[in-house]
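> Those sequence lines, one after another, are chains A, B, C and D. So in my numbering, the last one in the first sequence is 470, and the numbering has no gaps at all. So in my numbering, the last one in the second sequence is 494, and the numbering has no gaps at all. So in my numbering, the last one in the third sequence is 1738, and the numbering has no gaps at all. So in my numbering, the last one in the fourth sequence is 193, and the numbering has no gaps at all.
No lab work stands behind these hints, which were simulated from the structure alone. Just so you know, these numbers come straight off a predicted model, no measurement behind them. Don't be surprised by glycine CBs; every beta carbon is placed ideally from N, CA and C. Incorrect hints may have been included.
Which residues of chain B face chain C? A partial, calculated answer using Cβ under 8 Å [unchecked claim]: (1) Leu389; (2) Gly391; (3) Tyr485.
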Amino acid sequence: MTIPIDWTVAGPATIVLVGALVALMVDAFYPRRTWLGSGLPATVAGVVATAELVRGDATGTPFAFSLVVLVGTLFVVVASNVMNFENAMPPGEYHFLLMSAAAGALLMVGARDVVTLVVALELLSLPSIALVGLRQGDRDAIRAAWTFFLVSVVSTAVTLMGVSLLYGVTGTLDYALLGRALVDPAVPDGVVSVAVVMTVVGLLFKLGAVPFHLWVPDAYGGASVMVAGFLSAVSKAASLGALLVLLSVALPAAQDDWQPVVAVVAALTMTVGNVGALRQDDAIGLLAWSSVAQAGFLVAPAAVVSSSYALPAAAQYVAVYALANLVAFAALAVVLRLRGSTRLDDLRGMARNDPWMGVPLVMAALTLAGFPPAVIGLVTKFVVIRPVVDGDHVWLAIIMGVNVMLGLAYYLRLVVTLCERPVGEPYVSPSPPISVRFAKSTVLIGAAALVVLSAWPDLLLSHLP
Amino acid sequence: MIVAALAVPFVVGLLLVLGRRFVSGRAAAWIGVAATTVSLVLVAAVWEGREGVSGEVDVAWIEPVGARLHLGLTAVSWPFALMTAFIAVLCCLWLVADDTSPALVGLVLVIGASALGVFGSLDALLLFVFFELALVPMWFVIAWWSDADRDVAHRAATRFLLFTVTGSALLLVGIVVAAVEGGSLELTALRPTAVAIVLITLGFAVKTPVVPLHTWLPDAHSSAPTVGSVLLASVFLKLGTYGLIVFVLPSDHLGVVAPYLAVAGSVGIVWSALACYAQDDLKRLIAYSSIGHMGFVVLAISTRSEAGLAAAVFGSVAHGVITGLLFFAAGSMKDRYGTTSMAGIGRGLYGRAPWLAATFVLAAVASLGLPGLAGFWGEVLSLRAAYDVGSVLTRPVAWTALGLALVGIALTTAYVVRAVRLLAQGEPSALEADRDLGRREVVVMGALVAVVVVLGLVPQLLLDLYGPVYVGVAR
Amino acid sequence: MSRRWGYVGLTAVLAVVVAVWAVPEVMRHGYFGRYVGASRPGVDPPLPSLSPDLFLFPQAAQIVLLAVGVGLLVQIYSTAYLGRHPRYRSYALVIVLFLLGMIAVVGTTNLWVLLVGWEVMGLCSYLLIGHEWETAPARTGAAKAFLVTRVADLGLVMAIIVIGETYGTYDIVGAQVAQADGTRHATLIGLLVLVAVIGKSAQFPLHTWLPDAMPGPTPITALIHAATMVAAGVYLASRLFFLYADSQLVLTLMAGGAAVTMLMGALFALTSSDLKRALAWSTVSQLALMLAAVAAGGAEAGLDHLVSHGVFKALLFLGCGCVMLAVGSSALSAMGGLRRSMPVTFWTMTIGFAALAGLVPTAGFFTKDSVLHAIEVATDGDHGLAPGVARALLVVALVTTFVTAAYATRLWVLTFLGPVGADRADRADHEVREQPPAMTGPLVVLAVATFALSVGQPLHLGTGLLSTAVAGAGVATVLLLARRGSALDRSPAPLTSELWLDRPFSRWVPAAAAPLARGVVDLDRDAVDVYPRGGAALVAVVSRGLGLAQTRNVQRYATVLAVGVVVIVVVGVVLR
Amino acid sequence: MSLLYPLLLSSALFGIGVYGVLARRNAVLVLLGVELMLNSVTLNLVAFDAWFADALHTGQVLTLFTIALAAAEIGLGLAIVLALFRAVRTVDVDEVGR
């Protein structure tokens, strides 16, 4: 007798989890305060899991989001060698938590059952919280972790309440069965709408959508830069994937309940995020708010998930967004390590006096803004607006358009600051740690990928769902 | 060929920006002249006749969204492209000087190439990419090479960019709607709905600009360096009118926006003329006058008629050369006197720098639409189109617009005469910096004067593209 | 000196070319020229072109000959008059450009070419009035002339557009062909043409620019503001007459305007204290007479008078230039007693004044006679004009004839006879001499032409006798007054201040324009620009508010979250 | 037994939990509030499971998971509170944010 297990979904997650354990073991038996000890197994696990994912016959949305999650995790792991493992960050725990969260992210995307979803959500959340607070002896980090933790558990509780109600009205938590059960006219509408909305809250929280966004600037600001990158890219991609699957498979019958909610939330999120970003003087804070705004763009196709364009659009958008955001965060991590600050004033002229980090930052900012020469950013903006229009939400599309403008206002500020003539010589750490080279090369590879995709967007658009 | 016409200036421009340390400004400008001349020759040579598409290139690009690298020139876009390439050559020529920054030449090339790309695109998404591509370089040109105060220039540049991007964001939404409806991004296959037409119109109206969306323009034009002003006026505004011609004019839903366009265009003529009358800064005056000229173009577009189409294209091209000439003349004065304030330049330029004054006066009267010079035909065809009402407007609207336009022409004369009186005439107040046109200025302005006169005397050069036989309206 | 004669040579070449082309046409009979292409009434006309489409009918040939002839004489005259001026070159070249414009207006059937010529003349007029741009009157006069004529020219532009839309062609001959099937839009076209004509020919109420154009060099006044450009309005009115001949309204308006203008101009000329300005008013009045002929259906008479007036008015202005140069002013008070010192000028100008007064046997008499005859014929009511209007017009014309004779005599007396004027008497050192041959030569030529043009002119005995009597009365009245020792300068205030008709143009419009323009600029900044600025301010405020919301207090965050959920749930349920 | 009673109880628990999270100033008590919210969910799930007599016992399965999750959360939460206390010398939520 065998238990039917879909290894195309479970395989990569298992590999990642194994990698997490191995990393912890290595650190336990070979404790060195460098990246190499535990980072290497984590990297290997990431590569193997990616290979396994690509080898498997998974297709469509889960594949796309899993790929984004895995590549993003790999990126974070490799770029993490910029971190101060010598003093502040325990490498073994770091990599273990990172890989655990990644496994949670993978499971979330693959979940076809609300129980799995909830467990995976927690598997993603709890290590993430720990990651945020992991930096030793840092008040900001622990405060950020506390904020993140409390808001997170509250939203989890709300989600669980929603799930329990959903179970109460349908008697099942399997996506497919839920989808069928909700069609039944006997199901009480009011309860369903409350239950659906509460269920979705947890995922919207992870995405950082308004009004569940307040933790984002604090957590990103307090966490290590690469952890913030992980949260903004991997965690969001996974939550979006899970949200899309949940809405399209389990809850299509309740579309009337969640569609306006999700659409309004998307519109609010992008607007609030962009407006909030306008006044930021720190590049990290700017990216934090910008990632709130981007969450709005990510959620928008979820509102019109019935459109045939929606799933590919979300996947393609999140892929480009994740890549650009990771490039930006990694570059900023390097800058923070070398210059000790990510304030915009301290970044002045970086594209001139440090082009290997400055130009990728420019490219990433332009991609996020959706502005040529980062054509890929523009094309994905087009792609993400298309389902919204196709789903007859032209008003939302217009708000998205206006937000493209709002976004440009601060991305342009970043770009201009980077390109300006530098004032004086920048402070550079006298003896840069060797490990930064790995991070630098990841940044360059990421930026090169953005350039290649800009020149030929078809590479991405034709091959991701 | 058309790919080369785009790629040569683009690549050369990029190289100049990157290699700005390794080349002198003068050499960079000559390289720019060479690159743009190649581009101009290619654009001119690619022409195959007004029926059909010249130099068509059609390659798959982004399959999933149906976007193609589809380039080609039509009877509508060819004049625009030709004018752009020509202006780009002149801008580079203008920069042949010792104090030129190579990066500026590079940006000018990139901007010119992007504008050419817009005119050459037959795919909406590709067009949009080119449309946006020029904006950030333009920001740098305005903000960094401005003669104005740094903060003022930054503000003006940012205003310009945000206005334009707001427009283009709406435009993007409009294109998406049209593409979803039409099932393809080919310009000919777009099926804009009424909503899409409103969005697209708004998008291009900001760029054109149509009153009341014009407030970015005077700041940007007056802050920009000479070549920046020329590019903005001659090329960038044309992106707006071209877009209106290509997207809005052929649409079935033109009627939704046409009355507003007609009235806004004609109100703009009067409004800008009045604003011009109170200006002291020459560049601001020219900037405001552009709004008026674009008003004629917009009015013509809103009628959708053979004459209207011809008026729109002719008006755009004529405005490009005339306003380019005006800005070059203003730039000459700026070079000499360090200001473009008419009070600062002083009176009696006829006596102090006769040829400069004569060029300026010629450009000014061309700008007021004197028959026999290029500015006239666009205006008169607009008037004819408005009188004829066309196929979408109602007679009261069209004739109201016509009346406003006539008032505007009269006011235009008034401010041109005032400017001539304040600058060219009067007791000469001799300044140290007085000197007549240099060789570079003679070449640049001479070329433009020649075009202004030739287009004025032989309008058929352009109008023959749009005879009654030309049925493929605007496509 | 030789360089100056180069421009004369250029003009001469132009004149010869035109002569070779035009002289045979003067003799030709038969009206329609060649016309290629079909007019399509009601169909959109083709897009405009500037194909020359040269064609001259006999009277047009006369006008073009007059233009180049006077132009050539003026160039010769200018070599002496303005030869030492530093900007002689641009001056001479603009004259040539002007002549080309005039040829374009008269010598084509393509309305667009006509328009181009028309506006080029306007531009040249502007440039030449403003030739002395260092002086304020020249600048003001130039600006005013350009503005007024250009506003009026919009009428012509619109007329051409309407003609095109009505008859499907922009060709005059083509429109005539099409019009044979029926006239349409006559009133509209007529009114638009009338606007253009009123502006260009300085008719009431757009007449004030012409006297103000007098700061221009006097030869230019002779050429442009007397002989040719202002007359082009009359030419246009008669050339397009067939298009609006059916419109009683247009004809009545034209007749009324002409009546007002001719009498008013003559009265202003009678009371003017400045020789040049008086001649300018005289031009206004005479142009009105020509338009009266056109309105009465006597276009040929009008054009004949145009040619003869062109000759003798050019003569008068050039003579005026000689006198001005001699005494250093154009004020009548500086003249007087020039008969002996400037004999050639005296005799030629006497002929000119005689022609202006309409005395036999000058050309002025015969052509004015034709005009009066044409108006008289129109009193029968068969020529479009209502009989009453025509009769009133005839009466006004006769009164004008009287006044014209009177002011011509007055000017003649004050300039050449009588005592030396007060202004000049003070300056004893200023010796008055006859001008060089380059200036007097053209006078003589024009004086001869004033007689020569009489040859072959028709004579209408009734009106001829009547007008001669009226004119004689006018001359006699003034001579009698002068004999009695009257200073001939008493005139009522309304006339010397020209009825304050200039107020709207010189004061009200400029006074209104500047504040209006400033208001628009202010509005543009403070009202139109509100939405972007307001948007930016709003976004800034919201942005600050969002920043303040980041209190780092977890419980507030959780509260927002909880309230958010409640709101969403409530809205979600209520919305359903 | 009517389904109403456990649901009422669960609602009350959830409400008290929310109040605890939002209003208590002591971090540990805030954690307790969270715990109450999670427990109300488990109560719900069990009640529904019994009501449906679910053959798969989905509700009970999720209840078990929820208990585990709650334990993990509290574990993590207490760790954070501990670290927080070490860092800022207080467990007063208002003080922590300052």
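> Against this structure, judge whether each hint is valid.
Outcome of the hint check:
no. : hint   : verdict
1   : Leu389 : 6 Å, holds
2   : Gly391 : 4 Å, holds
3   : Tyr485 : 7 Å, holds
In this structure, none of the earlier numbered hints is contradicted; all agree with it.
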